[in-house]
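Chemist: Keeping their order, the protein sequence lines are chains A and B. Residue numbering for the first sequence follows the numbering used here, starting at 746 and increasing by one per position. Residue numbering for the second sequence follows the numbering used here, starting at 119 and increasing by one per position.
Do not take every clue at face value.
Said to hold, decoys possible - With the Cβ distance kept under 7 Å, some of the chain A side facing chain B (calculated, not the full set): (1) F835; (2) E848; (3) G854.
Calculated from the structure, these hints are not laboratory results. Since we're looking at a predicted model, the values are computed, not measured. Here a beta-carbon is modelled for each residue, glycine too, at the ideal position from N, C-alpha and C.
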Amino acid sequence: NAGVTQTPKFRVLKTGQSMTLLCAQDMNHEYMYWYRQDPGMGLRLIHYSVGEGTTAKGEVPDGYNVSRLKKQNFLLGLESAAPSQTSVYFCASSPSGTRKSYEQYFGPGTRLTVT
Amino acid sequence: LAKTTQPISMDSYEGQEVNITCSHNNIATNDYITWYQQFPSQGPRFIIQGYKTKVTNEVASLFIPADRKSSTLSLPRVSLSDTAVYYCLVGPYGGSQGNLIFGKGTKLSVKP
Chain A
746 NAGVTQTPKF
756 RVLKTGQSMT
766 LLCAQDMNHE
776 YMYWYRQDPG
786 MGLRLIHYSV
796 GEGTTAKGEV
806 PDGYNVSRLK
816 KQNFLLGLES
826 AAPSQTSVYF
836 CASSPSGTRK
846 SYEQYFGPGT
856 RLTVT
Chain B
119 LAKTTQPISM
129 DSYEGQEVNI
139 TCSHNNIATN
149 DYITWYQQFP
159 SQGPRFIIQG
169 YKTKVTNEVA
179 SLFIPADRKS
189 STLSLPRVSL
199 SDTAVYYCLV
209 GPYGGSQGNL
219 IFGKGTKLSV
229 KP
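Looking at chain A on its own, in the form it has when it is part of the complex (with noise of 0.2 Å):
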């Protein structure tokens, strides 16, 4: 099993310019999840997806749009990138069940950065 990938694995982009993220699990997990990491901060909650063609608003759901039409794949879009985007962006997907939906799968992570 791949587990949980993340493409790209790096990405520069020009305030205003758009981009996909795309997150892909193997696990069959109904949970999905997309945080942003910031320099010496924790993980922050941006969207997230209890299931094929739900999704929901985190923490920190400004500027950006997600996407779950497939079960294994969840797709996290910044339409406009301003510079305040500039982070590193983890997807992970988890188990349904209360207990066990707290038990996350963390992709490789995206480094990206707006100029």
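Keeping the supplied structure of chain A fixed, place chain B upon it in accordance with the hints.
Modeler: Only chain B this time, still in chain A's reference frame:
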């Protein structure tokens, strides 16, 4: 939503036992306590989860007193490879996944 408080950093030496305490005074009856480990340039990794008393796995032990207002992650005989950031999370049983907050964690430095 229960807020957690952890030390910002801790130092230890190889072979020692390390105990990291997390305070969560407002923990609710249906909250579970979960700990994650994060190495530089990697995503966090689940370590252990518990509700009360003691939980032990191959990596660590988690001690939770009867009042559940704090918890202690215990790492036996640490090595240099245990240098990482450790996060304590408190989440509601049956609640929204959006309530899961990582915080800044505790940066553990293990020295030779």
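Chemist: Compare the structure with each hint and give your call.
Modeler: Checked hints:
no.	hint	verdict
1	F835	holds, 5 Å
2	E848	holds, 5 Å
3	G854	holds, 6 Å
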